Structures are given as C-alpha cells and as structure tokens.
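Starting from the known structure of chain A, fit chain B onto it as the hints suggest.
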Amino acid sequence: MEITLTVNGAARTVDVADNALLVDVLRESLGLTGTHVGCDTSQCGACVVHMNGDAVKSCTVLAGQADGADVTTIEGIGDPDALHPMQEAFRDNHALQCGFCTPGMIMSAIDLVQKGGGSLDETAVRDGLEGNLCRCTGYHNIVKAVLAAQSSM
Amino acid sequence: MYQFNYHRPSTLDEATSLMAGAEDGVYLSGGMTLIPTLKQRLASPSDVIDLGAIPGLTGVTLNDGTVSVGGMTRHGEVAASDAIPALADLASRIGDAHVRNRGTIGGSIANSDPAADYPAAVVALGATVHTANRSIAGGDYFTGLFETALHDGEIVTSVDFCVPDAAAYEKFPNPASRYAVVGVMVARCGDCVCVGVTGAGACAFRATALEEALATDFSPGAVDGVGVDHSEFNSDIHASAEFRGHLVGVLTKRAVARIG
Chain A
1 MEITLTVNGA
11 ARTVDVADNA
21 LLVDVLRESL
31 GLTGTHVGCD
41 TSQCGACVVH
51 MNGDAVKSCT
61 VLAGQADGAD
71 VTTIEGIGDP
81 DALHPMQEAF
91 RDNHALQCGF
101 CTPGMIMSAI
111 DLVQKGGGSL
121 DETAVRDGLE
131 GNLCRCTGYH
141 NIVKAVLAAQ
151 SSM
Chain B
1 MYQFNYHRPS
11 TLDEATSLMA
21 GAEDGVYLSG
31 GMTLIPTLKQ
41 RLASPSDVID
51 LGAIPGLTGV
61 TLNDGTVSVG
71 GMTRHGEVAA
81 SDAIPALADL
91 ASRIGDAHVR
101 NRGTIGGSIA
111 NSDPAADYPA
121 AVVALGATVH
131 TANRSIAGGD
141 YFTGLFETAL
151 HDGEIVTSVD
161 FCVPDAAAYE
171 KFPNPASRYA
181 VVGVMVARCG
191 DCVCVGVTGA
201 GACAFRATAL
211 EEALATDFSP
221 GAVDGVGVDH
231 SEFNSDIHAS
241 AEFRGHLVGV
251 LTKRAVARIG
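Top line first, the protein sequences correspond to chains A and B. Counted from 1, the first sequence has number 48 at position 48 by the working numbering; the numbering is strictly sequential. Counted from 1, the second sequence has number 256 at position 256 by the working numbering; the numbering is strictly sequential.
If you are wondering where the hints come from, they were derived from the structure by calculation, not from laboratory data. Only a predicted model underlies this, so the values are computations on that prediction, with no experimental measurement involved. Treat the hints loosely; a few may be bogus.
As the list claims (entries may be wrong) - From chain B, some residues computed to sit far from chain A (all C-beta separations above 10 Å):
| id | residue |
| --- | --- |
| 1 | Asp-82 |
| 2 | Pro-85 |
| 3 | Gly-144 |
As the list claims (entries may be wrong) - Short, incomplete list of chain B residues facing chain A, as computed with Cβ under 10 Å:
| id | residue |
| --- | --- |
| 4 | His-7 |
| 5 | Thr-11 |
| 6 | Ala-53 |
| 7 | Arg-102 |
| 8 | Arg-254 |
Stated by the list, open to error - Reference listing, derived: stretches of chain B covered by chain A, where coverage requires no fewer than 3 residues with Cβ under 8 Å from a Cβ of chain A:
| id | region |
| --- | --- |
| 9 | 31–38 |
| 10 | 45–52 |
| 11 | 90–101 |
Where is the CB? At the ideal position from N, CA and C, for every residue including glycine.
Okay, chain A solo, but in the shape it has when bound (with noise of 0.2 Å):
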C-alpha cells in the first residue's frame, strides 16, 4: 500500500507492506537512519520521533497509521552547523559516551521541555526520560543537558 507523510518538512510518499513500521520507512525507505532501533519491544526509546508533535517510539507505530502525519527525525531538529538547542547541551554537558540512545534521547527532552512550560526540575526531568534508556549509565549528564536546554530553547 501507499502511504503519504511529512517527513522534517517534506511531504513523502512510500510503497510499504501492510505490516511494515514506521521506524522502518524512515531508515529504509527514507535512509534517515538517526533514528534508531535499539530493543525492538517498546522499552528502550532509541527510535523516539515526533509524531503530530509528540514523541512516539516509531518501532511501535505501523506504517499506515502514520499516513497523513507529520513527522520529526533527529535529522530535521538541526544540522552540524546550527545544532538545535539540546544538542547543543548534550555537547557541552558532555551527555552522551556511545550515544547510541541519543537520538532518542534528544527528541524525547525536547517533547519534555517544550510541553513542560520552564517548570521542569531534576525529578521531572528523570520522569519524563523514564522511556529511554542509556546503557552507558550516563543519566546524570543527560539530565544536565535538558535542565540546560530548557533555558536556551
């Protein structure tokens, strides 16, 4: 079947299988391969995107349900010459060692902040990154940069 979505800005249409998930249109079908998949089950984050302007782990959404929607990768927040404001701060705070869930992680803090209202503290910030994990143990720092993020986004 075909599905039409808006990918970072761009409408694409794609050939997919009935069966087929959206992580997978977008690192296959699309290339973006920022996103990442990690676990598979719904529990690591790797794959967070933005769907209709929430995070979303896009191993858990199929295709067809995103036909119509708009969707951010970590591709579309920012490039390596204007880096978005909490990649920024994951740079500085030093907020990442393999940086395999950072994709994830960084679209999930920035959902977080952006509905958060500049009231987030440590507990909210740990709460609202409880879908993503690091297995390099780098919690701290992760949630440095978002506190960090939260003032300069």
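Just chain B now, with coordinates in the frame of chain A:
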C-alpha cells in the same frame, strides 16, 4: 511479525463491516499492547483494523457530574484533564510518556489486561462503557482474564465516569514495565465508598469488605482489621498471591490517607 492485511476505516460502520468480513480480525487502537504482541508472534490476525482515522472518538468532556472520555482518547490527554484529578493521576502513571502519547482508554479496557491501570477506575468510579449500540455498567464490564462483556466486533466508543467527592489512586508498579503489580482506586461519594482493585486478580474488581469498613470509618486504620482473601489472586515471578493480598491493604490505606 506475521503478514496481515491492514485497514484504516473512516467510520464505525466500516470498521465493524471489515471485522465481520475478516477471517480473524483484530482492532488496532493505540497499539501499545497489540503491536508488541504481533512482533512477538503471540497473535497472528488475518486483518488489523485501525480505528485511528474514525472521527469523534476522542476528548474528555465534563457534563453534569459525569466525565465522558472518548474511546480513542490517549492517556496523555486524560492525564492533562482536570475534571477528576484521581483519574488524571492514574493516567499520568501509565507506562512512559511515549506510551501515554499513543495508548488509548478504549484499547486498554477492551484488552482487559489484569495489570492495566484504567480498570481500577472503571469499577470504582461508577463508570458506564459505551459502544455503538449499548451501554455496559462498569461493574459488569470485566468478566475474566483478558475477557470483557464486549461482543465480537464491538468497539468501545466512550467511557463515562461519575465525578466523586474525593478519590485517589495508589499503585505498586512493576519497576520495568510500570504495569500495576497491584493498583487501588478509592473513591468517596456521599456515604458510599468504592475500592477498585487491579493487578491482583484475573480482572479488576471491587473489594467490598474494605468498602464496608471504610463506609463506617473512613480512615487508614479501618483497613487494618479487614482480611483480604488472596486465594484466587495472581501469582507470578513479580509477586505471590499472598503479597498481592498484602498490597491491596497497603495501597488502600495510602489512598485513604491521601484523600484525608
């Protein structure tokens, strides 16, 4: 995942027709349980019928002491609503933020997972479950492990909750999944007290012995003398039936203490 035929109907009638014509169809709501189930090949439906494009099934509205939640309303939207703070609090503690951005109340209660959170509210808050053709009292809705009073092909269109005088939800979450090992919703309405329990048994139920004790004396101490029969409770790697029985009492006390 096994192969299946994906459908995205735009009306309830179209959805039920697709289901009637499918060899072994299943409705897809938020997909937070169904899609992982499909991935694990624990289910192999011939047809997946997505309810996400049907208009008019979302939103939280307060009308004359009743809060109506559309069947396709996401947990995050309920968490952000203010008509019943205890219901919003319950919704805010389901899964994680991403699950709350996709999962729906209709999908949750149609699945009747014994460890889901919403069922505690359905039995404790005088709920009515609406489908296209009929209304089912909350107390009659859950009938067993992953079993409900829904007929084949029936779709939850909305759930009504009575606004209580006061209510609180307390939960002992599984530390990995955040499902309720046990969850208890205590609601007070006039002289009536309702205690809805999820996670402990095959499906959500009201703890009537606790309700009677609390109706006489609405204080945490009133729970102490009430024995909770755990003989039919769930027992698994997360908790024994006896421990779940203990948690029912502890969480009820905490909920009563929060209501004050």
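We went through each hint and held it up to the structure:
1. Asp-82: Non-interface label stands for B:Asp-82: nearest chain A Cβ at 15 Å, farther than 10 Å.
2. Pro-85: 18 Å, holds
3. Gly-144: 26 Å, holds
4. His-7: 8 Å, holds
5. Thr-11: Violated, because the Cβ-Cβ distance from B:Thr-11 to chain A comes to roughly 17 Å (cut-off 10 Å).
6. Ala-53: OK, holds: B:Ala-53 within 10 Å of chain A, min 8 Å.
7. Arg-102: Because about 6 Å separates B:Arg-102 from the closest Cβ in chain A, which is inside the 10 Å limit, the hint holds.
8. Arg-254: 19 Å, violated
9. 31–38: Since three or more residues must qualify, the claim that chain A covers the region 31–38 of chain B holds, with 5 doing so at under 8 Å.
10. 45–52: With 3 residues in contact (Cβ-Cβ under 8 Å with chain A), the coverage given for the region 45–52 of chain B holds.
11. 90–101: holds (count 6)
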